[in-house]
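Given these sequences and hints, build the entire structure.
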Amino acid sequence: MNAVEDDSHLTLEAVHGSIEAFEKLVTQYEPRVRRMIYGLTQDVQLTQDLCQETFLSAYKALPRMDGAELRFAPWLYRIALNQVRSEWRRRKHVTVIPFSTPSGSNDEGFDEANQDIIMSNEQFEESVVQRDLVQRVLAQLPHASAMCLLLDAEGYSYNEIAEAMQDTLSAVRSRLARARQSFQRIYTGLDQEGK
Amino acid sequence: MKDDDQDSYKPTYTQSLPPCSKNSQCLDFVDELSAGTAQNGAMPEDERDAKNLELLRLHVPTCPTCTSTLIHARAMVAQQRRALRAILDEGEQKVPSTTAHIMMALRQEQQKVLVSINTPRRNVSSIVPFPQGREIETPLPKRTGRGLYVFALAAVAALLVASFGFFSYILPLRSVTTASSAVPMRSSIIPTPIVTQNTANPPAVLTTWSSVVITYQINNTTIIANYNPLSQKGVTLATSPYADTTVNGVSHLGHMILYSTYDGLKTSYYIYPQATTHAVYSTAEKDGSAVWSTDDRYVFISTTRGVAQVDVQTRQTRTILPMLASTALLNYRDGYLYFIKGYQGQAYVSEGVLYRADLATEHTQAITPCERGTNFWISPGGLTVYYACPYQDTSLYAVRSDGVGARVFRSTTNTMVGYVENGSPLTVTPVDGKSQIVQRDLADPIQDKVLLKDVAPGAQTVTPDSVAVAPYGQVLVAKGMYNGSDVTTAQLWYSDLQSGKSQKLKLEPNAHNPLAIGWDKLAVS
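Protein chains in written order, with the working numbering: chain A, 746 to 940; chain B, 384 to 908.
Please keep in mind that the hints were generated in silico from the structure rather than gathered at the bench. No experiment lies behind these values; they were computed from the predicted model shown. Here a beta-carbon is modelled for each residue, glycine too, at the ideal position from N, C-alpha and C. Treat each hint with caution, since some may be false.
To be verified - Sample of chain B residues facing chain A (criterion: CB under 10 Å; computed from the structure): (1) S407; (2) D414; (3) Q463; (4) R465; (5) R468; (6) A469; (7) I470; (8) D472; (9) T482; (10) M486; (11) A488; (12) E492; (13) K649; (14) M706.
The following block contains the structure:
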């Protein structure tokens, strides 16, 4: 499915300096960016700050963009992800926040033998309501993988995710597959720890 | 097969199946194999992937291992998406909107361009600080580590309201005729809804469907009222200054009413009765539709991201069924959401093919075979769907709710408006310039009965959309249109289908464009 509406007209106007057009884009996309950033940071205050910074950065960058070519949503998500990354870089020396990749949770290194655990967990459905568990899983995934999973859950197509992640379609497909399997493996591990 | 020799992986659920080296590729392509479409890219590896996908499509049906893998992978993906959407929904609920702050910061950015400021700034940003709580009463300093300005929000808001048109919608509450009192401001800058709801005395809930929800306009204000035709008494439930005000539906138990307004920026959904006039859900989209769950616990609201499932009591929201984005929801029944896929892909329209989506599996299926179908009705038991196919003929069609057995139910001109107690459809049928209400027998057309010879005496036309039949089909309210020399006027009529008697509904003299929505069990006193 395609989760991006046709907002090319608004984007074009915004690039040409229309603040009203940009305000409409803010109204349209702020809830989506907010929920996405929260999914990545799980911090209310930080989400508010980064959400605001995302839109301000977008506003400031707009005059440099090609309005006819710009696809607003993936571009905006790219900015949001960069904000999250920057924040992580700022913070990583002073505090522990949920972007670390614990040993064994790097989905780049996923090996096929893990698929057994990943695919056969019959307990998943009943514990899916445990949101804190899901949040902990997200916190343990590499943030690019978490972003990929969240964009997919939001209904964005692979092409849109690729655009937001500045990656190729093929890479997104592989990353998503690995991320899903890592998600399930970490989830299963955490779930079993808690029992 | 050589490929098979390379495989060293054997998951539990495929242990009894032959090994297959394409198994891991199935996981990579699970979405495309499930959707039957490819996601195309322009890179050389995309061409390679497209070829792999083609080969997999040929391979999977012949390979029990890959078939099993795909089944498990689909289930896993669906479960994960649901879980992740719950987290995203939680975030949207937990984190207060930043839109107003962004708008303010944008205006400040503009001001910076317009006004030359000589004061040196260190790490200047226009970001407006957020307080820690949800309620924004007074500005709090932003964390010092980020070098951001501290502003008096109220002062900034006042300045901006005075300076810019964007905030012109922040208006005082209108003076309205309801018993409602002014709603407390949520914050000094976030606009309070101008919609007002009668929150003074929650009405008693009766055991009978004795009142009908109607809407009408007076002086550009939309009134949502509850009216008891027998006592000829009415009470205002809510008022809205917006023309785009819609009653989405009465809950299945008849205790609550869901309505929505579009204020030019967002659509807000409200429930009556509630203690406050705060929206249960808001979205930036103008169009949309909403239906109640059968147990009245949730409302389902269509959005461009899918369906927002809103818990009526806790207001917790999660987005489900992204494949239903921008569709008109019709009904919820037995775990299925019925929705209309608009003709030629149009969003939020009532003309198209009726589908249903299984909430548990997210599987969707077409129900009606007419590509420009309209006027869909699901039978009280949920087993049959009635519909019209006006670009084909004037018949009333019926099909099982699983999409099987579409047939002509009646071939004469009929517009369905409801049911009687045994599930027989009621239709409005034009006869000699009058609009009859006819009970259509489920088994034998000869048994059809005319229950009312003229649903709106003297009217030139009757709008079937505004015929509200009470559950069990004993009474109804219908809207008749009367052509005058200059203007066309509308009149609502109440009819008892057992006695065949009708009477006018007496609304306020200056009320216009009345519309009957549906029946409820809320007392009118």
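**Item:** R468 (chain B) as an interface hint toward chain A, with CB separation required under 10 Å
**Value:** Holds: closest Cβ of chain A sits about 5 Å from R468 (chain B), inside 10 Å.
**Message:** Holds or violated: the hint that K649 (chain B) contacts chain A, with Cβ atoms closer than 10 Å.
**Reply:** holds (7 Å)
**Asked** When the nearest CB of chain A is found for I470 (chain B), is that gap smaller than 10 Å?
**Response** Cβ of I470 (chain B) sits 5 Å from chain A, so the hint holds.
**Message:** Given S407 (chain B) as an interface hint, is its Cβ closer than 10 Å to any Cβ of chain A?
**Reply:** holds (6 Å)
**Message:** Hint validation: D414 (chain B) versus chain A, beta carbon distance must be below 10 Å. Holds or violated?
**Reply:** Constraint on D414 (chain B) satisfied, holds at 8 Å.
**Message:** Interface hint check: M486 (chain B), Cβ to nearest Cβ on chain A, cutoff 10 Å. Holds or violated?
**Reply:** Because about 6 Å separates M486 (chain B) from the closest Cβ in chain A, which is inside the 10 Å limit, the hint holds.
**Message:** Can you verify the interface hint for A488 (chain B): is its Cβ closer than 10 Å to any Cβ in chain A?
**Reply:** holds (6 Å)
**Request:** Identify whether the interface hint at R465 (chain B) stands, where standing means a beta carbon of chain A within less than 10 Å of its own.
**Result:** Status holds, d = 6 Å.
**Message:** Min Cβ distance, E492 (chain B) to chain A: is it shorter than 10 Å?
**Reply:** With Cβ-Cβ at 7 Å, under 10 Å, it holds.
**Message:** Min Cβ distance, Q463 (chain B) to chain A: is it shorter than 10 Å?
**Reply:** holds (6 Å)
**Message:** Quick check on A469 (chain B) please, does its C-beta sit within 10 Å of some C-beta on chain A?
**Reply:** holds (6 Å)
**Prompt:** Would the stated hint for D472 (chain B) survive a check requiring a Cβ distance to chain A of less than 10 Å?
**Reply:** holds (7 Å)
Checked against the numbered hints given earlier, the structure satisfies every one of them.
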